[in-house]
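Now for the letters of each chain:
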Amino acid sequence: MSAPAQSKSLKAIGEDTWKNKTEKVNAELFTLTYGAIVSQLCADYDRDFQKVNNHLFSMGYNIGVRLVEDFLARTALPRCENMVKTSEMISKCAFKIFLNMTPQVTNWSSEKDAFSLMLDENPLSDFVELPMDAMKQLWYSNVLSGVLKGALEMVQLDCDVWFVSDILKGDPQTELRIKLNKVLKDEVPIGED
Amino acid sequence: MKSKEDINQSDKKMDRPNVASNAPTVADTQEMTEQQKLQHQLQIFQNSLPKVSQTAYMMLLNECVPLSMAVERKRGDCNSKLDRNCDDEVSQAGEQLQKIHVSPPLDPPSHQLCRELYEADEEKHNRVLDRLRNIGFEIGNKITELLVFSNNPNLQFKDMDLLSVMKFICRDVWRQMFNKQIDNLKTNHRGTFYLFDYDYQPIQSFALDSESSEKELQMVKPFLEIAVGVIKGVLASIGHAPEDVICLASYVDRPDEKPKASFTKGVSFHVQITM
Numbered sequence: 001m002s003a004p005a006q007s008k009s010l011k012a013i014g015e016d017t018w019k020n021k022t023e024k025v026n027a028e029l030f031t032l033t034y035g036a037i038v039s040q041l042c043a044d045y046d047r048d049f050q051k052v053n054n055h056l057f058s059m060g061y062n063i064g065v066r067l068v069e070d071f072l073a074r075t076a077l078p079r080c081e082n083m084v085k086t087s088e089m090i091s092k093c094a095f096k097i098f099l100n101m102t103p104q105v106t107n108w109s110s111e112k113d114a115f116s117l118m119l120d121e122n123p124l125s126d127f128v129e130l131p132m133d134a135m136k137q138l139w140y141s142n143v144l145s146g147v148l149k150g151a152l153e154m155v156q157l158d159c160d161v162w163f164v165s166d167i168l169k170g171d172p173q174t175e176l177r178i179k180l181n182k183v184l185k186d187e188v189p190i191g192e193d
Numbered sequence: 001m002k003s004k005e006d007i008n009q010s011d012k013k014m015d016r017p018n019v020a021s022n023a024p025t026v027a028d029t030q031e032m033t034e035q036q037k038l039q040h041q042l043q044i045f046q047n048s049l050p051k052v053s054q055t056a057y058m059m060l061l062n063e064c065v066p067l068s069m070a071v072e073r074k075r076g077d078c079n080s081k082l083d084r085n086c087d088d089e090v091s092q093a094g095e096q097l098q099k100i101h102v103s104p105p106l107d108p109p110s111h112q113l114c115r116e117l118y119e120a121d122e123e124k125h126n127r128v129l130d131r132l133r134n135i136g137f138e139i140g141n142k143i144t145e146l147l148v149f150s151n152n153p154n155l156q157f158k159d160m161d162l163l164s165v166m167k168f169i170c171r172d173v174w175r176q177m178f179n180k181q182i183d184n185l186k187t188n189h190r191g192t193f194y195l196f197d198y199d200y201q202p203i204q205s206f207a208l209d210s211e212s213s214e215k216e217l218q219m220v221k222p223f224l225e226i227a228v229g230v231i232k233g234v235l236a237s238i239g240h241a242p243e244d245v246i247c248l249a250s251y252v253d254r255p256d257e258k259p260k261a262s263f264t265k266g267v268s269f270h271v272q273i274t275m
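Protein chains in written order, with this note's numbering: chain A, 1 to 193; chain B, 1 to 275.
Excised from the complex, chain A in its bound form (with noise of 0.2 Å):
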């Protein structure tokens, strides 16, 4: 199968997947409830961003390693070979399948180990706008780079995932970035060989 062919299969993939085999809720209802968690986080941190930063990154990671079940149960699809592959999927699939989106997969490094998401919409964050104070120092959707985290953890992708901008703090664009460490080997559990 040539590439063009294959990434297109996938895109078919995660509409169809959408399309027919998800339950869905208004998106309004995610913004407002994720909106509620973040400002008692805040409340709770006394504005402490730093502090809300990593909560949301650990409550994300807690999410991806259980939702990366349920999106391999969903679209049984198969191990990626190489990042750029793992990159179209996260794009075009689990994006697709979970929040209704697809961003653009960019900023390649030389080694093909690391990329960036461009977030054009983002269901977390619409119509929402941060104090001055929070402006400065808060990654309002860091719950996604703990998804991201902790889901690729789960298919032996040991990754780095951070927020490079945001539109919230006035950047032009919202850029998630993910770098490659090291491929996990399968680890037997112990008492199972």
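Hints in this document: simulated from the structure, not taken from any laboratory.
Certain hints may be false.
[As the list claims (entries may be wrong)] Simulated DEER-style distance windows between Cβ atoms:
1) B/43 <-> A/101: 44 to 52 Å
2) B/121 <-> A/81: 14 to 22 Å
3) B/245 <-> A/112: 54 to 62 Å
4) B/106 <-> A/121: 22 to 30 Å
5) B/245 <-> A/109: 36 to 44 Å
By construction, the Cβ of each residue, glycine as well, lies at the ideal position given by its N, Cα and C atoms.
With chain A's structure known, arrange chain B on it following the hints.
Below, chain B alone, put in the same frame as chain A:
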């Protein structure tokens, strides 16, 4: 005012207003078709709105429970050290981590946090539940706004009696959040309501069978608190101040005629409003 036992005993005598359908009365069949038309338009409008996956939403909602415990833990740590620097150290370490793009420190996995919540002393436990209700309250508050702007025919600001408000929660709010309605609503028409949800969506992913122990049921119970907050939040946004509203969630047996669900118990939300 009836005592609580009275209310329970008169349970069977309580009204069961029909939540599911607008059964037309003899007088205003014409008006009901108008109502149905509006309802239909609302549905079309709702369907046209941007959507995300319900699985993702439920996971976000449920993750609030371990998250709230993680917050409790971290705040407890800092207090017990009696060291003002504690905060700063964590922050500085975090900032450094951010600079070299290493992942921030992780809280324990969700299941461990849920266990810790179960084992926590009462004071801690209550603080975590309060945190969850706060999140729910905020959601409830905003959900009214969301539904007002969708021209919902079930919501008016003028002449909205308590029963209509509760029906609005059972039907519109529940459908918006959980893609289903409350199964049964009972009231004594004096400010006491029981909302029964026999398949409360957020806990359906916890497969507990009929053998499930009391301990397991108690561990799942915090997952009901966000909905408690939502109910109070919606009521507050319509003019019933939180101090006038008591809302408690508990387990109830599912009726035998209901098809088997993955979670063995139904949930009852007991709402009492002082007027």
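Give me the numbers of the hints this structure contradicts, sorted from smallest to largest. 1, 2, 5
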